[in-house]
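Sequences and hints are given; from them, build the entire structure.
As given, the protein sequences belong to chains A and B, one line each in that order.
Every letter in the first sequence is one number past the one before it in this note's numbering, and letter 32, counting from 1, is 32.
Every letter in the second sequence is one number past the one before it in this note's numbering, and letter 86, counting from 1, is 86.
Please keep in mind that the hints were generated in silico from the structure rather than gathered at the bench.
Not the full set, but computed from the structure, chain B residues with beta-carbon under 7 Å of chain A:
1. S17
2. G24
3. L32
4. A106
5. R179
Given the structure is predicted, the values throughout are model-derived calculations rather than measurements.
Glycine included, every Cβ here is placed at the ideal spot set by N, Cα and C.
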Amino acid sequence: MKCDELLRQLTEYEDGVLPDDVCQELQRHLTDCDPCTGLKDDLEALSRICRSCTPARMPEEVRRRLAERLGEPVS
Amino acid sequence: MSPGPDGADATRREALSRALVEEGDRLYALALRTTRDPDLAGDAVQEAFASALEKADDFRGESRWGTWLHRIVFNKSIDLLRRRRRYEPLPDEDSDRLTAEDERLARRASWTRAPDEVVWGAETRMAMERALDDLTPLQRAVFELKEAGERPTSEVAEILDLTPGAVRVHLHRARLKLRARLGDHCRGRETTPSAGEAKA
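Pasting the structure below:
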């Protein structure tokens, strides 16, 4: 497997949808290729950064208006 | 004379009220990520619930109420951006296939700061928020649903009316752009060889 093939298949690999033999090829490539391992490590760090961000909360005013609307009878 | 709330109407209101409690923050987060504007995000969510009430007969139960609502919220967010002329996608930027630009971004040198240092800094999170501005609304929506929401690809595909393969392409492109934009923040003095130099 070459680097550009890994690039195309990395997200499928993470999603668990690649056949076993392709997964093994990809893993072998990662073992031998520092740049691709670096790319994969960066993307995993990016995921952790995203999950460490405080999730957005719906403003109370919006929530109140919606709750009121859902409590209204059909006109 | 208006008909009072019938059984079906009461059921749909109850389902939507439950979705508001259980998924309200996630629906708003999707709208905010997509529009990058708290006012538009609030409008998108309110319009989405109004549509859901009007069109609840279209809901056939193939998906969860929450999934259906996410889909409406995303569509309303894009509608509002277009109405404000803030979203005119370029021909290639929302392509379902990886492009030469994606490959170029993948060849950028790796970050070298230790993961904990990268992950936990408030500055890093602020840098991430700024970097999200460079993504298209669709890329931000995919990123929000997959990375923050940790939803399965099949559900993201259903919400965004894409194939699972297209979701993966948009997610990959979003992550490559963010990695490149965060490079200056996360890269130390020492860099490893860039992807593509060694074995391409």
